[in-house]
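Q: Here is what each chain is made of, one letter per residue.
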Amino acid sequence: MIDKIYKADILIKQDIKAYLQMHQNKSLLRFITCGSVDDGKSTLIGRLLYDSKMIFEDQLAQLKVESKKTGVQGQEIDFALLVDGLNAEREQGITIDVAYRYFYTKKRKFIVADTPGHEQYTRNMVTGASNAQLAVILIDARKGVLTQTRRHSYVCHLLGIKNFILAINKMDLVDYDQVTFDAIVSDYKNFADSIGIEKFITIPISCLKGDNIAALSTKTKWYNGSTMLTYLEDVKILQNKGVGRNFHMPVQWVNRPNQNFRGFSGKIVAGTIKPGDKVRILPSGKTSHIDRIVTYNGDLNQAVCNQSITLTLKDEVDCSRGQIIVSASSSLKSADQFDTMLIWMDDKTLIPGRSYYLKIGTETVSAIVSKLKYKINVNTMEKIAAKTLKQNDISIVNVTTDRSIPFIPYNEDRALGGFILIDKITNATVGAGLINFALRRANNIHLQALDVTREYRAKLKNQKPAVIWMTGLSGSGKSSIANAVEKKLLQMKRHTFILDGDNVRLGLNKDLGFTNTDRVENIRRVGQVAKLMTDAGLIVIAAFISPFQSERDMVREMMDSNEFFEVFIDTPLSVAEERDVKGLYAQARSGQIKNFTGIDSPYEIPKNPNIHIKTIDLTIDEAAEQILKEIISQINM
Amino acid sequence: MNHLQCLEAEAIHIMREVISETSNPVMLYSSGKDSAVMLHLAKKAFYPSLPPFPLMHIDTTWKFQEMYKLRDKVDKNSGMKLIVYQNPEAKEEGINPFDHGALHTDMWKTEGLKQALDKYSFDVAFGGARRDEEKSRAKERIFSFRSSQHRWESKTQRPELWSIYNAHKSKGESIRVFPLSNWTELDIWQYIHLENIEIVSLYFARPRPTVERDGLILMVDDNRFPLNEGEEPEVRSIRFRTLGCYPLTGAVLSEATTLTEVIQETLLTTKSERYGRVIDKNQGTSMEVKKQQGYF
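Order-wise, the sequence lines are chains A and B.
Be aware that the first sequence starts at -10, since it is given in our numbering, and climbs by one per residue.
Be aware that the second sequence starts at 1415, since it is given in our numbering, and climbs by one per residue.
Only chain A is shown next, with the shape it has when bound in the complex (with noise of 0.2 Å):
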């Protein structure tokens, strides 16, 4: 046991600086353990750490003292415990989330990600195979191919990992039998053909007993393949046929640390680039030649692939963050709607229409997922009709951004087929996307540019135009008060339009009903006629429950800055309940009526409203007269 803690290369006593530079030139593979709970994956990396001589003296006394306290090993050391390194996980003897682990040998320098096997965690497995170049799936001997081994075989393919290793393990526990191992083979390469997996290893291993992982077995002298380790060592990593062609470097941060020096700081993402070499601005297309690349150590004659430079142009051309330097003779192409396959991460459910960011090399645009075509069910492949996304549901939808991005399909080129969304409110990371390919519909329809402007029709009205939008509890006393603030504008002179929800979805919306999804898509529309009224130079007042603030926010966007006002009528429930003008909480309550607001379906109170009417203390009038000075100023010429 002793000889097996942390053992020094022979090469580092006799000559450091020769080990050193050895070392220094070792190449790097970042992969991914996998596979079913219990199927020994935490157990495989303590085996890989613990053979390659990476455990120190103390980790280890650590280790035995806490494998006698919660292992699930007897009296052998767990080796779970190295890297299950949060208590809950220690607790419950599973593992939640991804734990990076660091090991070199002679040859590379590894990065595992060990990753969780429960469907729960699949998320966090997502983010291990993100980075992955090489996969390591476990099989247990006596369990062979389970639902988990090929939901996350397909994960791991889907996220662009070409290199796999199928490893079967505690074969100690079926006798090193040799028909066990060739029947789960043959088995899982039924499995992987059918997804698309092109080539796998396999290695019969026992990781707790250290079988075929850093030396060969001698009870599976049937196998005539290499170790574990020798694998890892050697693998030759297959590459993304898009990567390596044309330079491109998303822009991250413009640097000018004077008037007489303007760089475009970033990584690159694919091929070379040299001083002299003519390169393309994306989206904007604009051309320059590349002046110089600079660095710290000085400025270099060639950058490479993976390489953190700062670039400049020749000529002065307008580049930012987001934006993308290529080489001339690229053929990266934009779009702004896209077939995609999203993994949702988020515990609140995907709702089609809602607006999302989403961050895609460096750059960051609002997008909206237009349709959800189907999602996967990840057990048998699947397809299954869905209105809404659940936490890891894995789905192909349409995305639809607010404007043109460049892209790259995702199995060409991680770098640029990636994204993630963003959850406008929670800020969280809701959404994993890769782009398979662009949908070319909208291309044929662009933008008429009109000779009348919106500046000239709203002149025309003596006004400023605006939205006013109310929100709050049904019966909270909107339309009234919409109604004394459009009677006052009118005495003003000024041209004004009433959108009302009621009215409203009697007819533009009356296909749609109040489910979450159709509430999205209610206010969606009703903002996209307001704009269009803004455009024509009115003054909108809009009146409607508009429960989410995401939607709320999703209008505001969509029109001018200073042009929205939304307007929060807070009436308490119990009020609205006891004025029941319409019998609607009645009926809601009896259970007549679902989803109604406020009693079966949420309402989230405005965050930082422009105008907030506590309609308690106030008259209907007065309530218009508040509102109307608050925004006077904005709509006068």
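Watch out, some of these pointers could steer you wrong.
Stated by the list, open to error - Across the chosen pairs, the derived CB separations fall in these ranges:
no., chain 1, residue 1, chain 2, residue 2, range
1, B, Arg1638, A, Arg251, 49 to 59 Å
2, B, Leu1608, A, His107, 35 to 45 Å
3, A, His278, B, Pro1466, 21 to 31 Å
Hints listed in this document are in silico derivations from the structure and should not be mistaken for laboratory results.
Computed from a predicted model, the values in this text were never measured in an experiment.
No residue lacks a Cβ here, since even glycine has one placed at the ideal position from N, Cα and C.
Chain A is already provided as a structure; the job is to place chain B on it using the hints.
A: Positioned in the frame of chain A, the structure of chain B alone reads:
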């Protein structure tokens, strides 16, 4: 590219993302070797500009004197603003590692850090922590989100895919960012060697006055160290693998006086890097608990 070049490019990319997506970042600076590497990477990331953020030292008043000297030198020469923050309550109460045990780290470091971040409204703090240091660190994201109470919620970390980092947050919330996440101790040493980065001489063996406490060799760095009756510090040739408050940092006996000798010894040792740190030993998950409370 070799693995060190990959790690350097990754760290630079991370720093530039922070600058572009957040409003008021700060880089924590302790004058240790990881801080030295961080500062060096920051200079590289923004060259020819200076790093567009200040440095901040959360001072416990119990660091080694040599660390203060290097800190002051960096303050003078880096061209960057350096903020030194000491928790006024800890100062007033005279909190020290000899009398107050765990409270010392809690008050000076954890509370001090939280107070300083609040005082200057920093929304991002760069830290030099590495995942190979400790088990709960191995679980942490590169962009590690903290609540407005500075808490780390280990169970609900944001997914972090590819190299796309989510820096969105609400007012009062903050993010700790760890550009050295994927570096190992050996990577740090090798990088210092290759890039010729200045580090405090405490990392090199020299004869220094020492005493032994609970199996650790401690350096008597100033006259605040309470000696037992009749006890005389013994001069031994020692160096440090990791640096913290001097009464809490164990030394190793060593003859390694050059960087390559230090690396050689580090590679030949059978003990882990944080072996000499009292703070990690209390219980198996003490670092996780500290991090949830707002420690780095």
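Q: Quick one: which hint numbers does this structure break? Sort them smallest to largest.
A: Result: no hint breaks.
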